[in-house]
Structure formats: structure tokens, C-alpha cells
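Trainee: Produce the complete structure using the sequences and hints provided.
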Amino acid sequence: MFGLDERLVEMGSGEAFLVIALIAVLLGLRHATDPDHLTAVSTLIAGDDERSPGAAGRLGLAWGLGHATTLLIFGIPIILFESYLPERVQQGAEVLIGLVIALLAMRLLLRWRRGRFHAHVHRHGELEHRHLHPHRQAPAHDHAHRPGPMRTPAGAYGIGLIHGMGGSAGVGILLLAAIPDHVEGLIALAILALFTAVSMAIASTGFGYAITRGPVRRRFSAVAPALGVLSLAFGVWYALGALDAVPYYF
1 MFGLDERLVE MGSGEAFLVI ALIAVLLGLR HATDPDHLTA VSTLIAGDDE
51 RSPGAAGRLG LAWGLGHATT LLIFGIPIIL FESYLPERVQ QGAEVLIGLV
101 IALLAMRLLL RWRRGRFHAH VHRHGELEHR HLHPHRQAPA HDHAHRPGPM
151 RTPAGAYGIG LIHGMGGSAG VGILLLAAIP DHVEGLIALA ILALFTAVSM
201 AIASTGFGYA ITRGPVRRRF SAVAPALGVL SLAFGVWYAL GALDAVPYYF
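In this text, residue positions in the sequence shown follow this note's numbering: the first is 1, and each later residue adds one.
These aren't lab readings, by the way, just hints derived from the structure by calculation.
Glycine is no exception: its CB is placed at the ideal position from the N, C-alpha and C atoms.
Take these hints with a grain of salt, some might be off.
To be verified - DEER-style ranges, computed between Cβ atoms:
{"no.": "1", "residue 1": "Val-89", "residue 2": "Gly-115", "range": "36 to 46 angstroms"}
{"no.": "2", "residue 1": "Arg-218", "residue 2": "Glu-87", "range": "40 to 50 angstroms"}
{"no.": "3", "residue 1": "Val-89", "residue 2": "Ser-52", "range": "32 to 42 angstroms"}
{"no.": "4", "residue 1": "Leu-80", "residue 2": "Ala-222", "range": "48 to 58 angstroms"}
{"no.": "5", "residue 1": "Val-246", "residue 2": "Ser-221", "range": "41 to 51 angstroms"}
{"no.": "6", "residue 1": "Ala-210", "residue 2": "Pro-86", "range": "39 to 49 angstroms"}
{"no.": "7", "residue 1": "Leu-72", "residue 2": "Val-246", "range": "27 to 37 angstroms"}
{"no.": "8", "residue 1": "Leu-18", "residue 2": "Leu-72", "range": "17 to 27 angstroms"}
{"no.": "9", "residue 1": "Arg-218", "residue 2": "Phe-81", "range": "52 to 62 angstroms"}
{"no.": "10", "residue 1": "Asp-181", "residue 2": "Val-89", "range": "26 to 36 angstroms"}
{"no.": "11", "residue 1": "Glu-87", "residue 2": "Tyr-209", "range": "35 to 45 angstroms"}
{"no.": "12", "residue 1": "Arg-218", "residue 2": "Tyr-248", "range": "29 to 39 angstroms"}
Mentor: Now the structure itself:
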């Protein structure tokens, strides 16, 4: 993003493999800060019924592992054989990422419209807590809600697989492919993939923590539509940008 990956790699030019490994770690940790990742993961977590740092971290880690899997699948041929995906396929992957973000945003808006994020106050003795559930749900909560396919770790992993086909991670792989020693390049790729997953888990856990704090939790029914609209606009812009229909900065 904005040439940061290139500058990180330049730090290790001509240095020992330890520096190369450190650069791969930094590339992976930085990767979760890309706007498309932050938008997609935050929208997925916000649309989940179980809003907690732990649940958010699990979804983010599953997303990151899916992303890491794709990085390895497409990165190994690049490093070993300089074999790249056709440009049209890469463009299609970028469009698909934008559509996934838009789909997650529409799902969040639909769940908000159905009253899924209405907060209720409950007391247990002197303790008071709020939790979110739809207006029509029985107050006893004596049944479990089956999660939708996108709200499970397996679903998040699948979305991560799609997301890993595009985005700025490709830039990091191309930079690692410039390492003359293929063994070092493959090890650096594995480190990049691992810390990409770690960074996404950290970022999603932080977001999960933020939206479960008192002020945000109490007003989440008002925050959700704004997040959904912004994410929808970003997803549409991202897809159009991949088609060169609008300016594209990432």
C-alpha cells in the first residue's frame, strides 16, 4: 500500500537472511492494515450475532489462514518458476473481492433492518448487562441460532481464500520473488503467509473488543447502518476500480 512494501524490502537489500525473514514478518503484519481487509473483516464481524473479542479473533484468524493458503498456492510457482496468473484472472479476483465486501455490507444492512442489533438491558442481582438480539426473539433465549455460512470459521476461511487471490499481497510476493536464493524465498513466503494470518487475527480481535465496549455496544444499532453503507460504497468502488472504471489507489 502506497509503496510501503517496497520500502520494507529495500531495508534488507544485501543483508543476511535474518533481515529477509524480518522483512517478511513486517510485510505480513502490515498486510492486515489494507483498507480492503479492514473493511471486509470489520463488516463480517459486525454482522455476527456473537460479538466478542474471542469470536472476532477466531473469524479473523480463519480469514487470515484462508488468505495465507492462497498466498502459498500462487506464491510458490512465482518464486520457483516466475509463473504468474494471467492479468485478466488477477483483475477478476480483484473484482470478486469488491463484490464480496459489498455482499458482506448488504448482509449487515439486512440484519440491521430486521432488528438483529437491538440492545436489551438485563439485570442479574446488582449486575446489569446489555446484549443484542432481534425484537421478535423470545426473552428466554432457550434456543440456539444456527450461524449462517459466512459467520463460521469455515466460511471466513473460504472468503479468505478468495481475498488472497488479489490485493496488495501480490506485491509482497513479487518482491520476495526477487530474492536470488529460492529456498530463502520460499521460507520468506511461508513467514509472510503466517504473519498475514496473525495480523488479521490481531486486527479482528481489536475490532471485536472495540464494538463490545459500553458506548459502542449501547449504540450499535445506530452504528451498524453507517458501517454497512460505507462498506457497501467501498466494495462497489473497489470492484469498479479493478475494472479501471474509477480511480484505483491500492
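Trainee: Are the hints correct? Go through all of them and say.
Mentor: Going down the list of hints, with the structure as the test:
Between Val-89 and Gly-115 the beta carbon distance is about 41 angstroms. The supplied range of 36 to 46 angstroms therefore holds. A hinted range of 40 to 50 angstroms for the beta carbons of Arg-218 and Glu-87 is consistent with their spacing of about 48 angstroms. Under the hint 32 to 42 angstroms, the C-beta atoms of Val-89 and Ser-52, about 38 angstroms apart, fit the expected range. Hint check: Leu-80 to Ala-222, Cβ distance near 52 angstroms, so the stated range 48 to 58 angstroms holds.
The hint said 41 to 51 angstroms for the Cβ distance between Val-246 and Ser-221, and at roughly 32 angstroms that hint is violated. For Ala-210 and Pro-86, the Cβ-Cβ distance of about 40 angstroms falls inside the hinted range of 39 to 49 angstroms, so the restraint holds. Distance hint check for Leu-72 and Val-246: the Cβ-Cβ separation is about 32 angstroms, which falls inside the suggested range of 27 to 37 angstroms. Roughly 22 angstroms separates the CB atoms of Leu-18 and Leu-72, a value that falls within the hinted 17 to 27 angstroms.
Arg-218 and Phe-81 have their C-beta atoms about 55 angstroms apart, which keeps the hinted 52 to 62 angstroms range intact. Between Asp-181 and Val-89 the Cβ separation comes to about 28 angstroms, which falls inside the hinted range of 26 to 36 angstroms. Against the hinted window of 35 to 45 angstroms, the Cβ-Cβ separation of Glu-87 and Tyr-209 comes to about 40 angstroms, which satisfies the hint. The supplied range of 29 to 39 angstroms is met by Arg-218 and Tyr-248, whose beta-carbon atoms lie about 38 angstroms from each other.
Checked against the numbered hints listed earlier, the structure breaks hint 5 alone; every other hint is satisfied.
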